[in-house]
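Undergrad: These are the residues of each chain, in order.
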Amino acid sequence: MSNIMTAENLCLWYGNTQALKSVNIEIPEKSITALIGPSGCGKSTFLKTLNRMNDLIPGVKITGDVSYNGTNIFDPSVDVNELRRDVGMVFQKPNPFPMSIYDNIAYGPRTHGIKNKAKLDDIVEKALRDAAIWDEVKDRLKKNALGLSGGQQQRLCIARALAVKPKVLLMDEPTSALDPISTSRIEELALQLKDEYTIIIVTHNMQQSVRISDNTAFFLLGELVEWGNTERLFSQPNDKRTEDYITGRFG
Amino acid sequence: MNKKKLLENVIHGVFLILGLITVGCVLLITVYLVISGIPAIREIGLFKFLFGKKWESSAAEPSFGILPFILTSIYGTAGAIVIGVPIGFFTAVYLAKMAPKRIKAVMEAAVSLLAGIPSVVYGLVGMLILVPGIRKLFKIPDGASLLAAIIVLAIMILPSIIKVSITALEAVPKEYEEASLSLGATPVETYFKVSVPAAKSGIATAVVLGVGRAIGEAMAVMMVSGNVPNMPSLFGSVRFLTTAVAGEMSYSSGLQQQALFSIALVLFLFIMLINATLNFFLKRDKEK
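Going line by line, the protein sequences match chains A and B. Each residue of the first sequence is one higher than the one before, starting from 1 at the first, in this note's numbering. Each residue of the second sequence is one higher than the one before, starting from 1 at the first, in this note's numbering.
So here's chain B without its partners, still in its complex pose:
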């Protein structure tokens, strides 16, 4: 009997340790980012760092303003949301409520596949097709631009938006829809006036997940955005928070390297904010 109890306790302990690995990693990363990100901000000055418009990290008199990166990340994400959310949302409504079984099966498989494509492949295709396409279409010298990044990001966030929205829409009790139909509402009226409002927390969660994916993406946007630290403009080459860190880390040193950690810290805070928003929606969903 005692032997069994001992075994139970040992197993509990092992599982606890395994669980703590995740928590430990998060703590380690957070602490490390804060510790290594703060010195540069102190030296440069918080205001100058966050709102400085010039990033010249390797000049004789370097300047470390990351406003271009912050704005690019915000604009890029917002643009991806503006394009991706309507497409994803309507696709989800179609697949969850209207699509015939076969079409649904094929389209859902395609969505899953889209989710599984590595971001470097998105970047590659964007580089070879989208960037030259934009250059020719808008007759600008270089197609690598914020617009190209927005389009690539919009496509990349589609799977999470579609899948999470479908789950939310399918969870709407059938009774609501039956009640609506029995009052003489058409199916489409029913989906948009009853099903979608009933699923709105889940759909909001889908959008927040999309924001998280877009703002954290580095590889694909690096390949299509031109990677120049300009203030963002739709047809200009730009650099994101993520790509700013990734691009210079390999050859940086001293204050420059510390500043890159500070950028990572800023990005980390953005992600924390998004996670908090996500938890807010999930919690509200549970309480209902």
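Just chain A, same shape as in the assembly:
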């Protein structure tokens, strides 16, 4: 399996605080990579670096490389909007736009120039089917998305991200605001999606990481302590700190 994204010596500062310390990692294509670690360990920061959402925070300084399909994403010639189109994102709190379900999904494709109604209809249906929410919303596509339940909203947000046909899907604790049933639906969905997409998911829940991920990366205080095959990492961690964390001695 080839690597779709890699980070080399990635360091990141918020002002004078260093949030990432020389992170090196490879993300294999069409797999699920879980990022775990205690709060404030840098896992979300790392995730947001991959589609350059950190650019929006004033005072951020980044050194090192992140490459996507062999191109350094910090290169001045890279169009950040193109990058974000390829590397989509699902946020911690479901954040549908205050518009209809249909318009939420069509927003991305429309922004990228698709005007044809029939084509948009197809994209919307496919995205909603892929996100396993089509059957629940097909009769109320014109209704406001804010009327959906939290779990439905999150699947809608996944559908919205899929509608622009990304290659990589970043998920920032996508189930932390959801109930157990909605959570397991999202997990099932992630497992289905990895046939077509590369998924990188931040989770505070180690069981979730075990359940769905192929690889796991453990972050602590801005450092990537270790990463590798999920089963191996949880059964035979190389680093003492990883062992302490996964056995619940801190965090």
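In case anyone wonders, no lab produced these hints; they're calculated from the structure. Just so you know, not all the hints are guaranteed correct.
Unchecked claim - Quick list of in silico lysine-lysine cross-link-like pairs, DSS-like style, CA-CA up to 25 angstroms:
no.: 1; chain 1: B; residue 1: LYS193; chain 2: A; residue 2: LYS126
no.: 2; chain 1: A; residue 1: LYS30; chain 2: A; residue 2: LYS143
no.: 3; chain 1: B; residue 1: LYS104; chain 2: A; residue 2: LYS61
no.: 4; chain 1: A; residue 1: LYS142; chain 2: B; residue 2: LYS200
no.: 5; chain 1: B; residue 1: LYS174; chain 2: A; residue 2: LYS93
no.: 6; chain 1: A; residue 1: LYS115; chain 2: B; residue 2: LYS193
no.: 7; chain 1: A; residue 1: LYS143; chain 2: B; residue 2: LYS174
no.: 8; chain 1: B; residue 1: LYS101; chain 2: A; residue 2: LYS61
no.: 9; chain 1: A; residue 1: LYS61; chain 2: B; residue 2: LYS97
no.: 10; chain 1: A; residue 1: LYS93; chain 2: A; residue 2: LYS194
no.: 11; chain 1: B; residue 1: LYS104; chain 2: B; residue 2: LYS200
no.: 12; chain 1: B; residue 1: LYS193; chain 2: B; residue 2: LYS163
no.: 13; chain 1: A; residue 1: LYS194; chain 2: A; residue 2: LYS30
no.: 14; chain 1: A; residue 1: LYS142; chain 2: B; residue 2: LYS163
no.: 15; chain 1: A; residue 1: LYS115; chain 2: B; residue 2: LYS200
no.: 16; chain 1: B; residue 1: LYS174; chain 2: A; residue 2: LYS61
no.: 17; chain 1: A; residue 1: LYS93; chain 2: B; residue 2: LYS200
To be verified - Partial selection, computed: residues in chain A whose CB lies under 10 angstroms from chain B:
no.: 18; residue: GLY59
no.: 19; residue: VAL87
no.: 20; residue: GLY88
no.: 21; residue: MET89
no.: 22; residue: ASP130
no.: 23; residue: ALA132
no.: 24; residue: ALA163
no.: 25; residue: LEU170
Please read all numbers here as calculations on a predicted model, not as lab measurements. Just so you know, even glycine gets a beta-carbon here, dropped at the ideal spot from N, CA and C.
Let chain A serve as the given structure and place chain B on it in line with the hints.
TA: Chain B alone, transformed into the frame defined by chain A:
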């Protein structure tokens, strides 16, 4: 214990009375306007009063038609909105979303200052610069015109439009904008396709406030509009509802004075209508 309770009750009572002062004033003004505005309308006839095209209050055979004033006020306000809203709206988007911190601080201070300038100063500057400018530019005998009033009003409503729109735009949850950016939309696409639609009630409120300010303004428009009761035309001298009352009140008597009260009543109804619209938008905002 009882003493404390008594004190509580007294304080409650005092505050209630203070609050009632405002309500009392509104009631007093409303009742007074209705009572003193109706007799003239009765005598002249509602239709003749509202739709009469001639206002000759001090002629031997006076005629009291206020259609010129009504139309002037509507046209003047509409013109100010047409010019002021785009400028104010885009300024607000720029300041709320795009401007670097320093530029934002300076420009917001300027907007606040603009809001604080007394209307007589607007009138004065308009009289000395705008009116002669229009006269020369369009080669008309007198620059005091509806156009001059529209321009002055457009500038006067800018602060309320800008400030209220900025507040609305800044209240848009960051999550919406992040979602849009993460889909590959550019910042400008995000502001106009996500932030502005999400803030539309607030922006509508800003526009309604601007309408209220424009239609109620008297001093500045009196100084630049020529103050002649013509049917409105862009380059002609005109008289507004507000200035019609203010201009003649000092020397009027009898039916003429009563008619001025009737004009005030009409203006008051316009303002009520605007307030109702404003409440509609504010309520809709709350329900969301």
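Undergrad: Each hint needs a verdict: does it hold in this structure or not?
TA: Hint by hint, here is what the structure shows:
1. B:LYS193 / A:LYS126: With a Cα-Cα distance of about 23 angstroms, the restraint between LYS193 of chain B and LYS126 of chain A holds, given a limit of 25 angstroms.
2. A:LYS30 / A:LYS143: With Cα atoms ~34 angstroms apart, LYS30 of chain A and LYS143 of chain A exceed 25 angstroms; violated.
3. B:LYS104 / A:LYS61: 24 angstroms, holds
4. A:LYS142 / B:LYS200: Status holds; Cα separation ~19 angstroms.
5. B:LYS174 / A:LYS93: 12 angstroms, holds
6. A:LYS115 / B:LYS193: 15 angstroms, holds
7. A:LYS143 / B:LYS174: 23 angstroms, holds
8. B:LYS101 / A:LYS61: 19 angstroms, holds
9. A:LYS61 / B:LYS97: Holds: LYS61 of chain A and LYS97 of chain B sit about 22 angstroms apart, inside 25 angstroms.
10. A:LYS93 / A:LYS194: Between LYS93 of chain A and LYS194 of chain A the Cα gap is close to 22 angstroms, so the pair holds against 25 angstroms.
11. B:LYS104 / B:LYS200: 22 angstroms, holds
12. B:LYS193 / B:LYS163: Given pair LYS193 of chain B, LYS163 of chain B holds - Cα atoms ~21 angstroms apart, limit 25 angstroms.
13. A:LYS194 / A:LYS30: 5 angstroms, holds
14. A:LYS142 / B:LYS163: 33 angstroms, violated
15. A:LYS115 / B:LYS200: The hint holds at about 24 angstroms.
16. B:LYS174 / A:LYS61: 22 angstroms, holds
17. A:LYS93 / B:LYS200: 23 angstroms, holds
18. GLY59: 12 angstroms, violated
19. VAL87: 9 angstroms, holds
20. GLY88: 6 angstroms, holds
21. MET89: Hint holds; MET89 of chain A Cβ to chain B Cβ min 4 angstroms, cut 10 angstroms.
22. ASP130: With a minimum Cβ separation of about 16 angstroms from chain B (threshold 10 angstroms), the hint on ASP130 of chain A is violated.
23. ALA132: At about 20 angstroms, which exceeds the 10 angstroms cut-off, the nearest Cβ of chain B leaves the hint on ALA132 of chain A violated.
24. ALA163: Since the shortest Cβ distance to chain B is 8 angstroms, the answer is holds.
25. LEU170: It holds, given that the least Cβ distance between LEU170 of chain A and chain B is near 8 angstroms, below 10 angstroms.
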